[in-house]
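Engineer: Next come the chains, spelled out residue by residue.
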Amino acid sequence: MSDVQLRLTGVGREVRLPDGGLLPILTDVDLTVAAGEHVSIVGRSGSGKSTLLNVLGLLDSPTSGEYLLDGQDTGRLRGRRRARLRGECFGFVFQQFNLLPRRTAAENVAAPLLYARGREFLTRGRTARDVLDRVGLGDRADQVPERLSGGEQQRVAIARALVRRPRVVLADEPTGALDVDTGRAVMALLAEATAERGAALVTITHDLSVAALADRQLRLDVGRLTPMTVAETVAATS
Amino acid sequence: MTGVLGVLAEAWGEVRVHRVRVVLSLVGVFLAVFAMTAVTGLGLIVAQVQQEQAERYQGRAATISVSGFDPATGLPPSPDAWDAASQELLDRYGVTEYATVGYGSALLRLPAGTQEVQTTDVSPSYGDLHRIEPIAGRWFTDRDRESLSPALVVNEFVLDQMGGGPFTGPRSIVLGGPRPVTATVVGVLENDGGEYPQVYRIDRSVLEAATAPRDPYLFGPDQLELWVPAAQADDVVAAVSSDLPLLLPGGIQVQAYRMDSPGLAGSLDTLRLAVRGAGGVVLLLGGLGVFNVGMMAVRQRVREIGIRRSFGATSGRVFSAIMLESVVATLLAGVAAVALAVLVVANLPIEEWFNNGVPIADEPGFPVQAAVEGLVAAAGVGALAGLLPAVLAVRVKVIDAIRF
Ligand SMILES: Nc1ncnc2c1ncn2[C@@H]1O[C@H](COP(=O)(O)OP(=O)(O)O)[C@@H](O)[C@H]1O
Ligand SMILES: [Mg+2]
Chain V
9 MSDVQLRLTG VGREVRLPDG GLLPILTDVD LTVAAGEHVS IVGRSGSGKS TLLNVLGLLD
69 SPTSGEYLLD GQDTGRLRGR RRARLRGECF GFVFQQFNLL PRRTAAENVA APLLYARGRE
129 FLTRGRTARD VLDRVGLGDR ADQVPERLSG GEQQRVAIAR ALVRRPRVVL ADEPTGALDV
189 DTGRAVMALL AEATAERGAA LVTITHDLSV AALADRQLRL DVGRLTPMTV AETVAATS
Chain F
445 MTGVLGVLAE AWGEVRVHRV RVVLSLVGVF LAVFAMTAVT GLGLIVAQVQ QEQAERYQGR
505 AATISVSGFD PATGLPPSPD AWDAASQELL DRYGVTEYAT VGYGSALLRL PAGTQEVQTT
565 DVSPSYGDLH RIEPIAGRWF TDRDRESLSP ALVVNEFVLD QMGGGPFTGP RSIVLGGPRP
625 VTATVVGVLE NDGGEYPQVY RIDRSVLEAA TAPRDPYLFG PDQLELWVPA AQADDVVAAV
685 SSDLPLLLPG GIQVQAYRMD SPGLAGSLDT LRLAVRGAGG VVLLLGGLGV FNVGMMAVRQ
745 RVREIGIRRS FGATSGRVFS AIMLESVVAT LLAGVAAVAL AVLVVANLPI EEWFNNGVPI
805 ADEPGFPVQA AVEGLVAAAG VGALAGLLPA VLAVRVKVID AIRF
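Respectively, the protein sequence lines represent chains V and F.
Residue 9 is where the first sequence starts when you use the working numbering, and the numbers rise one by one after that.
Residue 445 is where the second sequence starts when you use the working numbering, and the numbers rise one by one after that.
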């Protein structure tokens, strides 16, 4: 087997509108992500970025095309197996942090391990604190999100995304709700911590400087995915 | 295994985080379970007390008293004729639970002087039929009939008068008369509602002839008590009334009637049912509160449910987490409510209220049945109230839930 982890071939996603018409959100998307690779996808608001990420993370299903995860056709997966695979393979980081309110940082980080089994489940408290240490929040483990700054909350979210050692981390505009400097620091941490664990990282952003941290940049434009031109890439990384 | 633990851990976490909301929603369930358990428990105790009381005097359902006498002379049939006829009757109808009762008198030689007391002369089976529980010693057995010293069971009042302190083992007492005999007290009963002597004597002891003869004019004829299923009581009364005279010498008239009040069991059942019904209604109202709060909680937690889905929570997990949250919470309320109910009922002066101040014979503890029912009802209401919220939670659209 190759080291290709995710492969989308001709993927489309349409939604049915209330008037009965079909609205295409993604059209004929081809995408491969290799193990440990960092890919960024840039696009305007409303271009379908979140939809694409949800498809990759098995939160949403394509209406056409094929999605292979580790060579396995995900179109055949339903219900429990789909949910289990999602929990085992993916970690999510959202723009709005999406921490569980009123639960401490440690409880938030441990939450995904509630759905793991055996040792992984039983040692969840210990594991959560270790990962919090890694993102530099060991001393804030018992704080509830309401008491943390935006940057700290997103670092808790990063720890939570990594706690089950996913093969792929999916980040949907992870710096979108942060100021520029905090955003850079958080993004650097996300890229580093993910690389450290050998997980692939797919980052969605409309910030070119964030995209520049990736191995490869793609552009999503009204549901169509294209590689960034050399000129664009140079502009972004300079 | 860890899957189950996971569900429990999650539900516990939810209850803990939302404790104020949970506690408020549970006030109703707590009060309902408390009321239901306390009232059911109390009702069961009172019903038990009343049943015991009734059975002690009238026999258990259904006890039929049979006796015979000659209307011309007022005398009962000769003991031999009566015994033969009643044995024939018992065999014919296959009655296995029965007792014989007669009344007589005895002269007790007590330290304070000789005293004549009325005695109840019974077969050992009389104890079962009337639920007699000695507080010391034992009730009669068949072997007492062979004892050369007639066996007696007396109440505490008689024991006190005999002197010699607490009852630690069989104790002799002389029965006076033309030819005094030494009888043996084998058991002691609680004073039953007053300070008067009560003496039970085994029937047909080998020395019966030596004890004071019974006077049928004074004490009436021997009675046979039949214990039969309540449904057959009327048939048995009819059959005995028609068959027994034919088995006895001519001229003997037979009386057979049901001793226990046939309505008692029914009315106690009705009481229990009413008490439980009332508890159930209160509980359902409490459950409605939990349900409302559960629905609200799911609407508020749509995003949270979406987030958990992204961790790989299956529909089953989402469902059981919400459901269990409801059950765990109501069960906690149930445990607290049952505990309080047990405490309260245990400290009520039940015997003062319902048994004329006489302590209840076999000290009924809090009915386990009522406690278990309280807990089961609490969990049931939790499950019922959690069902719709849980279904709603499963149907949350993940993508919509986590968008912004
Ligand atoms: N279920 C849906 N019904 C109707 N329109 C939708 C639905 N989901 C997404 N869209 C639309 O599809 C477009 C792409 O959405 P999204 O993937 O969230 O874009 P992005 O993340 O790039 O901003 C948006 O215009 C959005 O309004
Ligand atoms: Mg988006």
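FYI, nobody ran anything at the bench for these hints, they're computed from the structure.
Every residue gets a Cβ at the ideal spot worked out from N, C-alpha and C, and that includes glycine.
Hints are supplied without guarantee of correctness; some may be wrong.
[Stated by the list, open to error] Only part of the chain F face toward chain V is listed, based on derived beta-carbon distances under 10 angstroms:
hint	residue
1	Arg752
2	Arg839
3	Val842
Engineer: Need the list of violated hint numbers for this structure, in ascending order.
Structural biologist: Number 2 only.
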